[in-house]
Structures are given as structure tokens and as C-alpha cells.
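K.L.:
Keeping the supplied structure of chain A fixed, place chain B upon it in accordance with the hints.
Which chain is which? The protein sequence lines are A and B, in order. Using full-length UniProt numbering, you'd call the opening residue of the first sequence number 1 and step up by one each time. Using full-length UniProt numbering, you'd call the opening residue of the second sequence number 1 and step up by one each time.
Watch out, some of these pointers could steer you wrong.
Note that identical chains are pooled: a pair holds if it fits in a single copy or bridges any two copies.
As the list claims (entries may be wrong) - Quick list of in silico lysine to any residue cross-link-like pairs, SDA-like style, CA-CA up to 25 Å:
no.: 1; residue 1: LYS52; residue 2: VAL11
no.: 2; residue 1: LYS52; residue 2: GLY107
no.: 3; residue 1: LYS52; residue 2: TYR10
no.: 4; residue 1: LYS52; residue 2: LEU95
no.: 5; residue 1: LYS23; residue 2: PHE72
no.: 6; residue 1: LYS23; residue 2: GLN63
No lab work stands behind these hints: they were computed from the structure. Model, not experiment: these values are computed from the prediction.
Below, each chain spelled out in residue letters.
2 protein chains.
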Amino acid sequence: MNPAAESPCYVPIRAAMDVIGGKWSYFVIVQLFQGPQRFNQLRRSLGEVSIKSLTDTLRHLEQNGIVHREVFPTVPVSVEYSLTESGWEYSGVLLRMREWGERWSAGAATPH
Amino acid sequence: MNPAAESPCYVPIRAAMDVIGGKWSYFVIVQLFQGPQRFNQLRRSLGEVSIKSLTDTLRHLEQNGIVHREVFPTVPVSVEYSLTESGWEYSGVLLRMREWGERWSAGAATPH
Chain A
1 MNPAAESPCY
11 VPIRAAMDVI
21 GGKWSYFVIV
31 QLFQGPQRFN
41 QLRRSLGEVS
51 IKSLTDTLRH
61 LEQNGIVHRE
71 VFPTVPVSVE
81 YSLTESGWEY
91 SGVLLRMREW
101 GERWSAGAAT
111 PH
Chain B
1 MNPAAESPCY
11 VPIRAAMDVI
21 GGKWSYFVIV
31 QLFQGPQRFN
41 QLRRSLGEVS
51 IKSLTDTLRH
61 LEQNGIVHRE
71 VFPTVPVSVE
81 YSLTESGWEY
91 SGVLLRMREW
101 GERWSAGAAT
111 PH
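Isolated chain A (complex conformation) (with noise of 0.2 Å):
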């Protein structure tokens, strides 16, 4: 057992790393920060994703609380995906992601 996991510091960053761990979390969360989409509207901007890996990333994302899922009565039916609260709160996660990932890109590019 890894005592360090377990501890208090850890389990909720492993939550956060465990929810955006898949490679396409993030692209669809960021996705969804333009607003509310549909499947194909997703699909389109995220180029080479397959059918099968976004919609098992939306499930993951819905079941995690980060996704909300709304079906329209249309015919056919049209369902719509959005972020919640949660979803939302994430944004800070990324930006400070982007933020030290941009530092980090420059940093990297100069010869120690």
C-alpha cells in the first residue's frame, strides 16, 4: 500500500488528475468552455477523434459531475453537452496549467 497516496494532499489531486486524465478531457472541456456543443459540433473541432473515444469521454465527464447532458425532443432527437459548476471550476485548473506550461515552453526553449 502507498502510504503517501493515501494521504490527505494526494487523494484530491489524484480526483482532479483521475477526471482529466484521459487524452481527450481536456480538449472537450476547453471545448465546452465556448459553450453548450452537440456530439458532431464536438467531433468537427476536435479533428481525429473517433465516435467510440468521445462518447466515452463525455460519459466519463458526465459521470464525473463535469459534463451536463441534455436531450431535446426534437425528431431526431438532439442532445446537447455543457459543463457544470464543476466543469466550470476546472477552468482555473487549466489556466494555471497553461500559465506555468507557457513559462515552462520558454524556459525550455533557452539553453541552460
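P.N.:
Quick look at chain B alone, frame taken from chain A:
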């Protein structure tokens, strides 16, 4: 090719994810917040990590400019690992992850 993955918004996030992505990366980073540590100190505090996993993780973090490796001319030689400035800056990302994870876990605990 995934147009989203090449956009300026994702590249830095991807960089941050790649650095922390490994199973043990953020455990090591969080341990080194407590100050420089030797290999066996890290091994003890990380519990079940194998020598190979810890060696690979430290090399990955060193190559990515997150960890500094210092060799002391003792007999036998001793090696100490510490966070670089970039490593310390990563604490901002981990802190936001932890805050988000705590709120999310609390929210996940209450029935919707």
C-alpha cells in the same frame, strides 16, 4: 492531425500534463516540497514505488527541468534531488488541483 491539439491554448496544457502525467511524478514533486531528498528517502516516503519507477520518474523530471540532481563527493557518492524554480512553480498547479479535487469530492459525496 488534430487541429485542436496544435492550438496555442492546448500546447502549454499538454506540456504541463506530460510533465506530471507519469504515475509517480506528482508524488515526487509534492515530496520535494519538503526540501531536498536522497533517493532512499524518497523511496521510503513513497512506499510501494520500485527502484526502476523512481529512477525513471526522477530522470523524466530532471530532463524536463523540474528536478535538480546534485552529486556529493562522499564515499560512497551520495545524490540529492531538489526542485528547480520551474518545479516550485508547479506547486501553483497542484494547489489548484487539490482545491478543485476537495470541492469536487465534497460535491460528489452529496447526492445530486
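K.L.:
Now tell me if each hint is right for this structure.
P.N.:
Hints versus structure:
For the identical chains of this complex, LYS52 and VAL11 are inter-copy neighbours only, at 24 Å across copies versus 29 Å inside a copy, given an alpha-carbon limit of 25 Å. For the homomeric pair LYS52 and GLY107, neither the shortest alpha-carbon distance inside one copy (37 Å) nor that between copies (28 Å) is at most 25 Å. When the C-alpha separation of LYS52 and TYR10 is checked against a cutoff of 25 Å, the pair qualifies only between copies, where the shortest distance is 22 Å, while the shortest distance within a copy is 31 Å. For the homomeric pair LYS52 and LEU95, neither the shortest alpha-carbon distance inside one copy (28 Å) nor that between copies (33 Å) is at most 25 Å.
For a Cα distance limit of 25 Å, the shortest separation of LYS23 from PHE72 qualifies neither inside one copy, at 28 Å, nor across copies, at 40 Å. Proximity of LYS23 to GLN63 under the C-alpha cut-off of 25 Å is found in both arrangements, the shortest distances being 17 Å within a copy and 23 Å between copies.
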